[in-house]
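Using the sequences plus the hints, can you model the full thing?
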Amino acid sequence: MAVKFPIFMDAQSTTPCDPRVVEAMLPYFTERFGHPASRNHPFGWEAEGAVDAARAKIARLIGARDPKEVVFTSGGTEAINLALKGVAEMYREKGHHIVTTAIEQRAGLDTCKRLERQGCEVTSVPVQPNGLVDVDDVKKAITDKTILISVMFANNEIGTIQDIAAIGKLAKEKGIIFHTDATQAVGKIPVNAETMGIDLLSCTAHLIYGPKGVGALYVRRKGPRVRLAPMIDGGGHERGMRSGTLPVPLIVGFGRAAEICEEVMPAESARLGKLRDHLQDSILGSVDEAYLNGDPERRLPHNLNISFAYVEGESVLMGLNKETALSSGSACTSATLEPSYVIAALGASSELAHSSIRFSLHRFNTEEEVEFVAGRTIQVVKRLREMSPLYELAKEGVDLKSIRWKAE
Amino acid sequence: MAYSEKVVDHYNNPRNVGSFPKDTPGVGTGLVGAPECGDVMKLQIKVDLQTGVIEDAKFKTFGCGSAIASSSLATEWLKGKTVDEAAKIKNTDIVNELKLPPVKIHCSVLAEDAIKAALADCKEKWLKAGAAAASTT
Numbered sequence: 001m002a003v004k005f006p007i008f009m010d011a012q013s014t015t016p017c018d019p020r021v022v023e024a025m026l027p028y029f030t031e032r033f034g035h036p037a038s039r040n041h042p043f044g045w046e047a048e049g050a051v052d053a054a055r056a057k058i059a060r061l062i063g064a065r066d067p068k069e070v071v072f073t074s075g076g077t078e079a080i081n082l083a084l085k086g087v088a089e090m091y092r093e094k095g096h097h098i099v100t101t102a103i104e105q106r107a108g109l110d111t112c113k114r115l116e117r118q119g120c121e122v123t124s125v126p127v128q129p130n131g132l133v134d135v136d137d138v139k140k141a142i143t144d145k146t147i148l149i150s151v152m153f154a155n156n157e158i159g160t161i162q163d164i165a166a167i168g169k170l171a172k173e174k175g176i177i178f179h180t181d182a183t184q185a186v187g188k189i190p191v192n193a194e195t196m197g198i199d200l201l202s203c204t205a206h207l208i209y210g211p212k213g214v215g216a217l218y219v220r221r222k223g224p225r226v227r228l229a230p231m232i233d234g235g236g237h238e239r240g241m242r243s244g245t246l247p248v249p250l251i252v253g254f255g256r257a258a259e260i261c262e263e264v265m266p267a268e269s270a271r272l273g274k275l276r277d278h279l280q281d282s283i284l285g286s287v288d289e290a291y292l293n294g295d296p297e298r299r300l301p302h303n304l305n306i307s308f309a310y311v312e313g314e315s316v317l318m319g320l321n322k323e324t325a326l327s328s329g330s331a332c333t334s335a336t337l338e339p340s341y342v343i344a345a346l347g348a349s350s351e352l353a354h355s356s357i358r359f360s361l362h363r364f365n366t367e368e369e370v371e372f373v374a375g376r377t378i379q380v381v382k383r384l385r386e387m388s389p390l391y392e393l394a395k396e397g398v399d400l401k402s403i404r405w406k407a408e
Numbered sequence: 409m410a411y412s413e414k415v416v417d418h419y420n421n422p423r424n425v426g427s428f429p430k431d432t433p434g435v436g437t438g439l440v441g442a443p444e445c446g447d448v449m450k451l452q453i454k455v456d457l458q459t460g461v462i463e464d465a466k467f468k469t470f471g472c473g474s475a476i477a478s479s480s481l482a483t484e485w486l487k488g489k490t491v492d493e494a495a496k497i498k499n500t501d502i503v504n505e506l507k508l509p510p511v512k513i514h515c516s517v518l519a520e521d522a523i524k525a526a527l528a529d530c531k532e533k534w535l536k537a538g539a540a541a542a543s544t545t
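One line per chain: the protein sequences are W and P, in this order. My numbering applies: residue 1 is where the first sequence begins, and numbers increase by one. My numbering applies: residue 409 is where the second sequence begins, and numbers increase by one.
Simulated from the structure, these hints should not be mistaken for laboratory data. Bear in mind the structure is a predicted one, so any value in this text is a computation, not a measurement. Backbone N, C-alpha and C define an ideal beta-carbon position, used for all residues, glycine too. Hints should not be assumed to be uniformly reliable.
In silico DSBU-like pairs for lysine-lysine, Cα to Cα no more than 35 Å straight-line [what the hints assert, rightly or not]: (1) P:K498 / W:K382; (2) P:K507 / P:K536; (3) W:K68 / P:K507; (4) W:K172 / P:K487; (5) W:K382 / P:K536; (6) W:K395 / P:K414; (7) W:K68 / W:K174; (8) P:K524 / W:K406; (9) P:K498 / W:K401; (10) W:K322 / P:K414; (11) P:K430 / W:K401; (12) W:K174 / P:K507; (13) W:K212 / P:K507; (14) W:K395 / W:K406; (15) W:K395 / P:K430; (16) P:K507 / W:K406; (17) P:K498 / P:K533; (18) W:K169 / P:K496; (19) W:K68 / P:K414.
Reference listing, derived: stretches of chain W covered by chain P, where coverage requires no fewer than 3 residues with Cβ under 8 Å from a Cβ of chain P [said to hold, decoys possible]: (20) 129-138; (21) 305-317; (22) 377-389.
In structure tokens form, the structure reads like this:
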């Protein structure tokens, strides 16, 4: 099969909508346009029915006991904000301490920073060189003022999967609310709020082949019943936790996307894992001093993150971007001009953070695409090394750390 | 962010990639930037010590596309200039030629630093060689 360009291999930034999802959504833009809170006519009933059906599908995918535990938001960022700010405000009397990690996504980190400015105390637990949080470190960080533990399920850059069940168990023992940012995990690997002891869980549709603009926060109703202060006041939709007219077409799409993910997950994760392993073996087998970031085992099946020593990430992307969409932890590709804090948190040198490339596969990637991307990546990295002064110095046997660099 | 055509051209067809042996008379080497900052440039010039004209220039760069383009352009401009003319190349000239956006201005600054460092190295070696020659005669 001929490869169609450009190839999209940046599926941890977003995914294309599955055509089945779009098909499910379409009628809800036109003939089925009702407001789900209109309780007195068929337009409203129809919309409410569609929302409830979608809620049930999402609840099943994340192992919620009751569909009512699913609160719709505008996406993952809002879900995370609502979880952290909602708990901080609601449980202010009980305490003001939050335990989180150094590798959360920006929505988690920045929300915690804001809460800190507002008087909360935040302990950020470090990660080990493989990206895993030591549950003992979480335990040690807990104080009698801790009201919330927030640890991401799987990392967006390196794909490392945390021991969520162990942290959930710890949280239960201590009577502390446990939130997990599962935006990268839901729909890709088994997630179960009930068995894993999760109290709050954030997820988003656009990473599971659904539409952009809708996400959800799972809020446990029983054992314990978690309460949240809302961030948006209004008509009291979503059990009062998130007012605003529900975007019915998006929610219908989200539900359909969840349903498909649940159905195909075992086969899809096996297929993508095999493709990923092939990509990894091809690249690591042909390029010296290329380092795998994250844990080789406890990792999302569609994720691959490699640092290519002596070449800068953006320049690698530039060599590929006509044909392939990837992403990098390089400062030059970020809005903040800082290299990846995730790679840096692994204890790697900043140089390797600048050199990291993330490949993330999706449902529609093919073997031929993987073959092509592997070949081009190897070619581009080799070409850039030929023009890298660092590679030249290293080949001459110079220890780069022995040089006194004149930084700007 | 889209790249300017000139940046893409220099990235795809970098001019004068390579190295001169550092100890050759007339060769000046500038190594600037730092790996942890994500940019390192090595720029070398080969000066005709009789005329003060830069006969050849070479570079190697670890950095983004704009850093590669800035140093590639610098080598192109250096060739045929006298050392005095070379010292007048400003980072803003590079910014204008490559149409670098504000976030990439530091790449041009680094290229100017690399030129200055190579010129200084060349001069220093020339002075040392002169001093050595004077002491032996």
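Comparing the hints with the structure gives:
1. About 32 Å separates the Cα atoms of P:K498 and W:K382, which keeps this hinted pair within 35 Å; it holds.
2. Restraint check for P:K507 and P:K536: not satisfied, since their Cα atoms lie roughly 40 Å apart, outside the 35 Å limit.
3. Between W:K68 and P:K507 the CA atoms are separated by roughly 55 Å; this puts the pair beyond 35 Å, and the hint is violated.
4. Restraint check for W:K172 and P:K487: the C-alpha separation of about 71 Å exceeds 35 Å, so the hint is violated.
5. Taking the CA atoms of W:K382 and P:K536, the gap is near 38 Å; set against the 35 Å cutoff, the hint is violated.
6. With a CA separation close to 31 Å, the supplied pair W:K395 and P:K414 stays within the 35 Å bound.
7. Distance check on the hinted pair: W:K68 and W:K174 sit about 26 Å apart at the alpha-carbon level, within 35 Å; holds.
8. Only pairs whose Cα atoms come within 35 Å are accepted, and P:K524 paired with W:K406 is accepted, the gap being roughly 13 Å.
9. For the hint pairing P:K498 with W:K401, the CA-to-CA distance comes to about 30 Å; that is within 35 Å, so the pair holds.
10. For the suggested pair W:K322 and P:K414, the alpha carbons sit about 16 Å apart, so the restraint of at most 35 Å is met.
11. Among the hinted pairs, P:K430 with W:K401 is consistent with the structure: their alpha-carbon atoms are about 20 Å apart, no more than 35 Å.
12. Taking the CA atoms of W:K174 and P:K507, the gap is near 58 Å; set against the 35 Å cutoff, the hint is violated.
13. Simply put, W:K212 and P:K507 have alpha-carbon atoms about 34 Å apart, close enough for the 35 Å limit, and the pair holds.
14. Taken as a hint, the W:K395 and W:K406 pair is honoured in the structure, with Cα atoms around 21 Å apart against an allowance of 35 Å.
15. Between the alpha carbons of W:K395 and P:K430 the distance comes to roughly 16 Å, so the proposed pair stays at or under 35 Å and holds.
16. Straight-line distance between C-alpha atoms of P:K507 and W:K406 comes to about 26 Å, which keeps the hinted pair within the 35 Å bound.
17. For the hint linking P:K498 to P:K533, the alpha-carbon distance of about 24 Å falls within 35 Å, and the restraint holds.
18. In summary, the hint linking W:K169 to P:K496 is not supported, as the alpha carbons are separated by about 67 Å, beyond the 35 Å threshold.
19. Of the pairs offered as hints, the one joining W:K68 and P:K414 is violated, with about 56 Å between alpha carbons and a cut-off of 35 Å exceeded.
20. Coverage of the region 129-138 of chain W by chain P is violated in this model, with 0 residues showing a Cβ closer than 8 Å to a Cβ of that chain against a need of three.
21. Counting residues of the region 305-317 of chain W whose CB falls under 8 Å from any CB of chain P gives 5; the rule of at least 3 is met.
22. Under a criterion of three residues with beta carbons nearer than 8 Å to beta carbons of chain P, the stated coverage of the region 377-389 of chain W is upheld, 4 such residues being counted.
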